[in-house]
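**Student:** One letter stands for each residue in the lines below.
There are 2 protein chains.
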Amino acid sequence: MKILIVGGKGTIGSKVSAHFSKKHEVIIAGRNSGDVNLDMADTESINNMFKKIGKIDAVVCTAGEAKWAEFDSLTEDDFYIGIKSKLMGQVNLVRIGKNYMNPGGSFTLSTGILADHPVLMTTSGAMVGGAIHSFVKAVCLELKDNIRINVVSSGLVEDAVEHYESYFPGHNPIPMHKVVNGFVKSVEGASTGEIIRMYDNC
Amino acid sequence: MKILIVGGKGTIGSKVSAHFSKKHEVIIAGRNSGDVNLDMADTESINNMFKKIGKIDAVVCTAGEAKWAEFDSLTEDDFYIGIKSKLMGQVNLVRIGKNYMNPGGSFTLSTGILADHPVLMTTSGAMVGGAIHSFVKAVCLELKDNIRINVVSSGLVEDAVEHYESYFPGHNPIPMHKVVNGFVKSVEGASTGEIIRMYDNC
Numbered sequence: 002m003k004i005l006i007v008g009g010k011g012t013i014g015s016k017v018s019a020h021f022s023k024k025h026e027v028i029i030a031g032r033n034s035g036d037v038n039l040d041m042a043d044t045e046s047i048n049n050m051f052k053k054i055g056k057i058d059a060v061v062c063t064a065g066e067a068k069w070a071e072f073d074s075l076t077e078d079d080f081y082i083g084i085k086s087k088l089m090g091q092v093n094l095v096r097i098g099k100n101y102m103n104p105g106g107s108f109t110l111s112t113g114i115l116a117d118h119p120v121l122m123t124t125s126g127a128m129v130g131g132a133i134h135s136f137v138k139a140v141c142l143e144l145k146d147n148i149r150i151n152v153v154s155s156g157l158v159e160d161a162v163e164h165y166e167s168y169f170p171g172h173n174p175i176p177m178h179k180v181v182n183g184f185v186k187s188v189e190g191a192s193t194g195e196i197i198r199m200y201d202n203c
Numbered sequence: 002m003k004i005l006i007v008g009g010k011g012t013i014g015s016k017v018s019a020h021f022s023k024k025h026e027v028i029i030a031g032r033n034s035g036d037v038n039l040d041m042a043d044t045e046s047i048n049n050m051f052k053k054i055g056k057i058d059a060v061v062c063t064a065g066e067a068k069w070a071e072f073d074s075l076t077e078d079d080f081y082i083g084i085k086s087k088l089m090g091q092v093n094l095v096r097i098g099k100n101y102m103n104p105g106g107s108f109t110l111s112t113g114i115l116a117d118h119p120v121l122m123t124t125s126g127a128m129v130g131g132a133i134h135s136f137v138k139a140v141c142l143e144l145k146d147n148i149r150i151n152v153v154s155s156g157l158v159e160d161a162v163e164h165y166e167s168y169f170p171g172h173n174p175i176p177m178h179k180v181v182n183g184f185v186k187s188v189e190g191a192s193t194g195e196i197i198r199m200y201d202n203c
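So the protein lines, in turn, are chains A and B.
FYI, our numbering numbers position 77 of the first sequence as 78, with every residue one higher than the one before it.
FYI, our numbering numbers position 120 of the second sequence as 121, with every residue one higher than the one before it.
Don't take every hint at face value.
Note that identical chains are pooled: a pair holds if it fits in a single copy or bridges any two copies.
Straight-line alpha carbon distances no greater than 25 Å define the calculated DSS-like cross-link-like pairs of lysine-lysine that follow [said to hold, decoys possible]:
1. 68 / 85
2. 99 / 68
3. 145 / 68
4. 186 / 68
5. 52 / 68
6. 10 / 186
7. 10 / 145
8. 56 / 16
9. 179 / 85
10. 99 / 3
11. 179 / 23
12. 53 / 99
13. 179 / 52
Simulated from the structure, these hints should not be mistaken for laboratory data.
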């Protein structure tokens, strides 16, 4: 398979890329790294990327941002950071990418445990995650040519514990190989419209 | 209680307004009707409305739109209709309205069954609904002065069956008095962060 991994140099993306590279042709897209440049908040950048790489068998997205801050301090523009990047960036990867997807191919988006179990300062991130979950359930009804779509929603991953532990009191870290398995289930499995929740004790 | 009902002249809002008017002071906001004018996709309009009405005990929102169309035909701008109106319109009602809310007051937002059980042509509407569900779960952790927030997610309501039945094959219509009860539960009850699902057999 020819697999595009958006954010393939990130905390989760690098482990996902390393795994798929063993058996598949992997193309990594990143803002400042990887094989092709991509700013996922910029639709023209998504268009240009797909024109460059052509037909593919799978798109995996482990990228996208949203602003973490207290609700009282979040401006409307702050909410649009997540809307343009993690939300519409992923919607646009599907909207545009479906025209480059081979029959039977798959999209695998990513969110996080916040969508189901938010913590303080995550109104924007939770909102964007919940949006993607419902989007995946809706769009799987309409994709053609047996193209599938799923989303991996992971708890606090082991490799991010050092930076994020204080935000997630009592959350059990998720081992990286389990998170990677979420993406493997989506790409190499047969399901569609699935929210693959990689949580531990929630 | 002094209750602001956004969309209080709509299909659901008119029944909700009629009910609360029996026991409470109700102010209806609408684009072209009601006691105060409001375009909920316009943040300045929300600011002006709250300046006009002053302190309140409850905000109920039964308004907001999103584009219904096949995923293949939805442009990026089409998705932003729902993002600006049903999604950020409701977020902004909370973001701005919390400064006018009396202690112990409540917000009650609205979505629909699409967020959990989408049907064809609802990628945008489902996405926006899922976003609001997760937003409510996140923001309830941060609201101060015992201010509560819930969301009523209703199935196809009886009064909309004639227009929408064909979109919802096999969905059991929800009687209007049950939908109204969802809003009563939120406004007069004690819960917060609740997604009040008014579904029948889903």
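**Student:** Indicate, hint by hint, whether the structure satisfies it.
**Tutor:** Now for the hints, and whether the structure bears them out:
1. 68 / 85: both (11 Å within a copy, 18 Å between copies)
2. 99 / 68: between (28 Å within a copy, 20 Å between copies)
3. 145 / 68: between (34 Å within a copy, 21 Å between copies)
4. 186 / 68: neither (29 Å within a copy, 32 Å between copies)
5. 52 / 68: neither (30 Å within a copy, 28 Å between copies)
6. 10 / 186: within (20 Å within a copy, 47 Å between copies)
7. 10 / 145: neither (30 Å within a copy, 40 Å between copies)
8. 56 / 16: within (24 Å within a copy, 52 Å between copies)
9. 179 / 85: This pair counts as neither: shortest intra-copy Cα distance 29 Å, inter-copy 37 Å.
10. 99 / 3: Only inside one copy: residue 99 and residue 3 sit 14 Å apart there, 49 Å across copies, limit 25 Å.
11. 179 / 23: within (17 Å within a copy, 55 Å between copies)
12. 53 / 99: within (15 Å within a copy, 48 Å between copies)
13. 179 / 52: Neither: 33 Å inside a chain and 51 Å across chains, both beyond 25 Å.
Consistency with the previously given hints fails for numbers 4, 5, 7, 9 and 13, ordered from lowest to highest.
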